[in-house]
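Student: Line by line, the protein sequences give chains A and B. FYI, the numbering for the first sequence is 1 to 215, going by our numbering. FYI, the numbering for the second sequence is 1001 to 1239, going by our numbering.
Straight line, CA to CA, 16 Å or less: simulated EDC-like cross-link-like pairs of lysine to aspartate or glutamate: (1) Lys1200(B) / Asp1150(B); (2) Lys1136(B) / Asp99(A); (3) Lys1200(B) / Asp1114(B); (4) Lys1200(B) / Asp1145(B); (5) Lys71(A) / Glu122(A); (6) Lys1133(B) / Asp99(A).
Just so you know, the hints here were simulated from the structure itself, not pulled from any lab data. As the structure is a computational prediction, the values presented were derived from the model and not from experiment.
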Amino acid sequence: MAKKENSTITWDTFSEGLWRNNPVFVMLLGMCPVLAVTNSAINALAMGLATTFVLLASGTLISLLRHSIPKQVRIATYIVIIATFVTIVDYTIQAISLDLYNALGAFIQLIVVNCMILGRAEAYASRNRPLKAVVNALGMGIGFTFALLCLGVVREILGAGSLFGFDLFGPRFEPWVVMVLPAGGFLVLGAWLLLFEWLKQRKERTELEPAAETR
Amino acid sequence: MSTPEAEVIKPPTPAGPMIRTLMGIAMLSGFLVVLTYQLTKPMIEENQRRAIEAAVFQVIPGAVARKDFVINETGIVAVTPENPAKGLLVYAGYDSEGQLKGIAAKAAAQGYADMIYLLYGYDPVCQCIRGIKVLKLAETPGLGDKIITDPNFVANVDALETRLADDGKTLANEIVTVKHGTKQHPWEIDAISGATISSKAVGKALNQSAQHLLPGLAPHLKKMMEERFIKIEVEVTND
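Construct the entire structure; sequences and hints are all you get.
Tutor: As structure tokens, then:
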């Protein structure tokens, strides 16, 4: 995935996760929380931020230790590091709001096995300088949060008629309940993937056309 | 992605660094987790206390103060940090004058997706349940969670009769959930159409808990009402 061996930090280091390699819409990683906790915008935001924190903290530590972790035990080490930060997030969310903690349920603990985080640790943090790893992790985290919000906002508006808990349409709106159910997660994800793929192909076409004309 | 050619020439890593790395990481991890646990513990406990308090005050209308009791073989015992007695935990709610307004207790039953956990408030004056608060549920959003949001369903427990039978050992009438629109008696719960299983779970949880709790509670209620009235008043004047 990451071809760059040089240590310069470019805009692409940051924006890779936002757009070109968005963890949800392009790499399709971490689908478990993406589908499970995006039934409301606030859950999506909280999950996105929690994952971003774990991504940043574990990326930094793994990048710092990258020369002293023997290759044979790297996965075990990464998982312990990630699990540590997930536990920290778990306690912190409990300390901030029990309601939010109950809404996110087991999915906070499940950040440990979010393949995006381990994937980033293996493919990026363990091969790059800490600062570069942090910038990339921040981009990935924001990209993940953005994707979760994309789903959460649509699902909450359609499925509950509200946004961040504020009623949008008044009592006469009949919520489209399927949207907050698991099936709605797949439907909305599919719709977003369709949109992004369409945008990508359109962009490719417009890039190709001038090239073909000059030939 | 990786460069396998370069790795072939490398000598194998001895066991020492591997063990050192894993031990170091484990120690660092342990330190960070324990540190966070210690730092957040008071906040989490405060959150839990507030959540319980808010729930108790919600199910016992008019309550502004709470005291915990347990019911066990020896009778009803006040729970204090110095005396963490074991038994069935109930929360007593008192109004601003120190008058006992009701007893809140937990109840649970299997719902559609998972267990539904409730807190309900028993009013000894009307011998009825005055309110419920769902503590935890995993029911289908939009269907099963109507047991929280549906105003008609919530109205079921405004005064749900839980009078004891003459022998004082069981409820005079079992709390039952009936089909939507067929509620006739004050001890019946009108089910939500489309969320029958969740509605039934509420009825079952309340019935089980009330059958278990109220006969044991009844002999102590009178004493509790008188006792607390005096004690709270003393506390209030002290303040």
